[in-house]
Structures are given as C-alpha cells and as structure tokens.
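Make the full structure from the sequences, and use the hints.
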Amino acid sequence: MSKEFTSESHLKAYNLSGSRSGQIVFSNISFTIREGQCLKIIGPNGSGKSTLLSILAGLIKPHSGNISRSPIETNSIRYSGHKSGLKDALTIKENINFWRKIYGCNSDSVEEVTTNLSLQNVLNTYTGLLSAGVKKRASLAIVTIGHAPIWILDEPYASLDKENIKLLDGLINIHLNKGGIVAFSSHQESQLPITTSIDMHQYTV
Amino acid sequence: MNAILTIINRDLRISFLHRADSLLVAGFFVITVMLFPFGIGPEPGLLERVGAGIIWVTALLATLLSLNHLFSEDERDGTLELLLTSPVEIYSIVIAKTLSHWLTSGLPLIILSPLLVAALQMPSNTILPMIIGLLLGTPTLSMIGIVGSTLTLNARLRGILMPLIILPLYIPILIFGVGCVDVESMNFSSDRLYMVLLGFLIISFTLCPWAASTALKMSFE
Amino acid sequence: MHALANPNKFLKIAKIIQPFAIIIFVFSIIPGLLFALIVSPPDYQQGETVRIMYIHVPSAWMGLFSYAIMAICSGSYLIWRYPIANMIARASAPIGAIFTTLCLLSGMLWGEPMWGTPWVWDARLTSMLVLLFLYIGYIAIGNAYENPEQGNKASAILALVGSVNLPIIKFSVDWWNTLHQPSIFSMEGISLDSSMITPLFLMVIAFQSYYIILLLINVNTQIIDSKIRAISLRL
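Residue numbers (our numbering), protein chains in the order written: chain A, 1 to 205; chain B, 206 to 426; chain C, 427 to 661.
Careful, some of the hints might be misleading.
[Stated by the list, open to error] With a straight-line cut-off of 27 Å between C-alpha atoms, the simulated BS3-like cross-links for lysine-lysine are:
1. A:K178 <-> A:K162
2. A:K40 <-> A:K12
3. A:K40 <-> A:K93
4. A:K93 <-> A:K162
5. B:K422 <-> A:K83
6. C:K653 <-> A:K61
7. B:K422 <-> A:K162
8. A:K40 <-> A:K83
9. A:K101 <-> A:K40
10. C:K596 <-> C:K441
11. A:K83 <-> A:K61
12. A:K178 <-> B:K422
13. A:K40 <-> A:K178
14. A:K101 <-> B:K422
15. A:K162 <-> A:K101
Everything labelled a hint here was simulated from the structure, so no lab data went into it.
Listed below in structure tokens is the structure:
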C-alpha cells in the first residue's frame, strides 16, 4: 500500500481574504506548501480557521486573493470538517462504501480503510449509536480513501483520545512521507513535523 | 452517472430504513383527501365534480411536506459539504436528489391515486388520466421543489418561505393536471393536455437543475 | 450599459434624470387625470365606472414592467455581479408589488359595478394575483438571510425562475379560464375610442415616470447605505 504520489503536489495561497456571513474575518494570508509538507493553522475560536480550510478545500470562494493547487482534479482533495459526513441511519460499513463509490475507488476495500483507524469492530453498527470519538475516526477514514494527495482537516484531533491521536499522527506521517500534503487546524500541540504555521490572530481584520 | 446512482441508492436505503417517514407523507395524502367528503358532503355529483382538484391540491401539499427535509438532513450531518468537495458535479447531486425525492414522494402518490379516485366516487374513466397526469406532473413538482429547497437552505422561517415561493410556480401544473381529468369526464381527449404537461417537464428539466446547482453553490459562500 | 455599473456614475446620471422625471410626471399626471376623470366620454355600456380603467390598465402595465426590470437586472447581477444591478432589482420589487396591488384593487372596484361581484376569476386578474405572490416571494427571500449576499443571490435566482414561469402561468390561467367558460367576465368588452387612448397614454407615462422617480430615490438610498456600511466597517 506504499504507493508514492506520482505527480508533484503543491498548495499555494496568495493574498487570501475570507468572509463569513458577509463579514471579512481574515485578510492577506499567503503561503506555499509542497509535497511532504504540513501546514498547521492555530487561532482562537471565530478567527476564521474553518473558513480558511473551507476555502482551501474548494468549498467556498475567497473574498479576494487566489489559491493554486496541484494536482487540479477534484479527486485529489480530501476534506474533513466539523460535521461527520456520515449518515446516522447507515452502518459504518455502508457509510464508508458510499464514499468509496463517490471517490471512484475500487482498490482499497472497506476493511483496509477502516482497519487503519481501529474501526474493525464497529463495521456493522449503525452510526447513530456510536460515540463522537468513533464517528470522528470514521470521518477520518473517509479522508484516507483513494490516496488523494491533499488532505484538509478541520480539528482532526477533536473527540480523539491519546491513543487514537497517535494512530492518526501515524497515518498522517505515512501520507507525508509518500509526498502528500496536509493542512489542518488544532488547538493542541501536535507531534507532526510542521513546515508552516499560520496564526489567525495575525491576519484578523 | 455512477455517482448519481450511488446517491439515489443511499437515499432510497435510508428511506427504507425510515419507512415510517415515507408512509407519513402517503398517509397525509390519503387522510387529507378523505377529509373533503366530511367537509363538503358526500353527494356523488359534488365530489365527482371537484374530485380531481382535491386530489391534485393535496398532492401538491404532500410534495411540499416531503421537500422540507430534502437537503436539510444532508446539510446537518455534513454529507452535503463533503459531496461538494468531492469529484461529483453539483449538477449530478441535484439530479440524484430530484430522482430520489420523486421516487419516495411522487411515485407513492401515483400508486395511491386510483384508490382516492374511487373514494371520491369519480367515474372510472378518470383513473387513467389521473395517473398519467400525475406521472407527467409529479417529476416537475419535484424539480421545482428542489429549486425552492436549495434556494431556502439557510434562510430564516424556511418552513413558511418555501411554500410561499414554490406554490405559485406549481399553479400551471395544477391547472393542466386537473384539466386532464376534467376534459376526460367531459368526453374530450386529453392528449393535447398531456403534451402541455410534458412540455412543462422538459422546460423544468432544462432550467431547474441549473437553478438548484447555483443556489447550492451560493448557500456555502 | 456596463458604464452604469459604477455606483458613482449611476448617481451622477440619476441626478440628471431625476428632475426630468419629475417634470414629465407633473406634466402627464395633471392632464392625464383631467382627461381621465372629466373630459373623456363615459363608455356607452358602463357609464362613468369605465374611468377606473385609467388607473387599472396603467398599473397592470407597470406591474409587469417592474417585474421585467427586476428579472433583467437579476440576470445581470448573476452574470456580471454588479451590485447596482441587484439594487435596481430590489428597488423595483416593492414598487411593482404596489402597482400590482393597485391593479387588483382597482379591478375589484371595477368588478362590483360591472359584474356585480368584486372578485372574479378572470384570466388577467388571476394572473395578476399570481404575479403579486411572485413579488412577495422575491421580497421575502431577499430578506430571509443573515448574510445579505446570499439574500441577493437567492432572490436573483428566484426572479429569473419566476420570469420564465410568468408567461407559462399566463398561458395556463388563460386556458383554465376558457375551460370554465366565464364568458361574461371578459375584460375585452371595452371599445377603445380614440378619445380614450389619449388619457390612457398620459396615465401610462405618468405611472412610468413615477416609477423612475421612486426607483432612483430607492437606489440612491441603497448606494449611500452601502457607503456608510463600508466606512463603519473600517472604523
């Protein structure tokens, strides 16, 4: 499963400003991250971390400025936001299968994807019955489907205990070593090799 | 194409798991129609005369009911925003949602309509035009409904706003849907009216997915 | 047309147009009302009540005209994102809604003496009623969002969808009307004598210029509003 990402990847932002509900929350953010590099976004609540990550993921348009991303295909990005992206009415297996089909991924099986995040035991449990921590791990499992080079993670450590944080860090490190890119936000200290750090406080309007 | 089927599949599975919800809409349809004989009296001539209108108006209201949770569920649990960052085109998402909405609300209405035609003591030659009219009309109702649903995704008072916007747009389909049945009972051919309903279907198929995709995109900005 | 997109240019042009519009309004409403209410002959069938037509027809025209402006500006807004296009559309909506209401009310006042009933499901009155609902929907959705940008775009899309539907609704209501054969309720029973055309024409010009006056005031206010907001955000 140790495939290298074949093309070079990068994620660049130039003079980015973002708005939420009509108000500009940050401006003038610029950075470049290349393959194997990791971007961490820190800042108080409401400073626009989620807005910035949504812009990087292509979910919303920036107020001004632009981003450049390589590879360009929409299948090269995986996003994990505050909400789970899982249907409570379905089992974990059904949820993961749905996203496998959406991402057009036939290679990884559900078992492969879920074992990485210790979800083997809950595959056939209805998602609505599971705890926040388990649901978070399932959301992160979706990110690993199909080996996309760019991972955008909004508070990936939320609801995770120390063991699972280590598990996640392990997966992220493997991803970075293969030439992938990770941009994430967190309040906590991280053991990951951070290349660039953005403190939203500096860019608040 | 695959993605469309995947989404429809998932929605149908969830509808099946939440069978009660779909039955609720069908139940609303039947019960509301049944109220009318109590309200206006059981004289056969009277019911027969207004029956088509009763069934169609109730069908509109039942469709409106089922539109309420169409995108709001997906928005709430984050599947919508995840779909929007995925390689699936917004257009496909809208088409998939429209189809799964029609399969869970329009189709049951069509299947139940003969029952209601009999309950309102309408002549039996009206069953076929009722079914064909609903068959041609309910997909348009779903498509216009999707536009209303996506336009009001983050709006205040969505429950009141959505009907206010959608119902005026439903009026042409209502008029011709009822017309199909009424002209049959007057022994005229409803062929031309079917063509009109088909025309509405084609027009809304051209415009509504575009409008709904634009509305979806803008609700995340 | 694209030159108008700059709000300051628009304000300059508006300042020039406004006095002309006022003059045209004064010089059309006074003779218009004079002709309409006093000079022009009563209809041989309906007597004096035909004079309501001089309010009813121009307001119907303005109701439709305002919606057309709303739809065109909404389209421009969605394509080119000019804020001024959206402002014109939003300004047109309440004006158009009021003209439509005026049309309905005058229709009702006309109906009472003419048909013996204030409301009748005539094809045109019914279409006007639906038009009123389209206006109400547009105004409602524009104000239903916390984020004003979203409100603008949502209402713009609705205006376009509504404009496509308008001819379809008219067509449907016409057909529905013929199916149910209320032949006595036709509004076509007025023979337009040439002496009636002049006051009608004057009233249309009067209403049109009044629309422009109100529109310019409203858009002016919106532009100043947005300037105030921009300044207060920087403080």
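Outcome of the hint check:
{"no.": "1", "hint": "A:K178 <-> A:K162", "result": "holds (25 Å)"}
{"no.": "2", "hint": "A:K40 <-> A:K12", "result": "holds (14 Å)"}
{"no.": "3", "hint": "A:K40 <-> A:K93", "result": "violated (31 Å)"}
{"no.": "4", "hint": "A:K93 <-> A:K162", "result": "holds (25 Å)"}
{"no.": "5", "hint": "B:K422 <-> A:K83", "result": "holds (18 Å)"}
{"no.": "6", "hint": "C:K653 <-> A:K61", "result": "holds (24 Å)"}
{"no.": "7", "hint": "B:K422 <-> A:K162", "result": "violated (37 Å)"}
{"no.": "8", "hint": "A:K40 <-> A:K83", "result": "holds (20 Å)"}
{"no.": "9", "hint": "A:K101 <-> A:K40", "result": "violated (30 Å)"}
{"no.": "10", "hint": "C:K596 <-> C:K441", "result": "violated (37 Å)"}
{"no.": "11", "hint": "A:K83 <-> A:K61", "result": "holds (20 Å)"}
{"no.": "12", "hint": "A:K178 <-> B:K422", "result": "violated (33 Å)"}
{"no.": "13", "hint": "A:K40 <-> A:K178", "result": "holds (19 Å)"}
{"no.": "14", "hint": "A:K101 <-> B:K422", "result": "holds (23 Å)"}
{"no.": "15", "hint": "A:K162 <-> A:K101", "result": "violated (32 Å)"}
Checked against the numbered hints above, the structure breaks hints 3, 7, 9, 10, 12, 15 and satisfies the rest.
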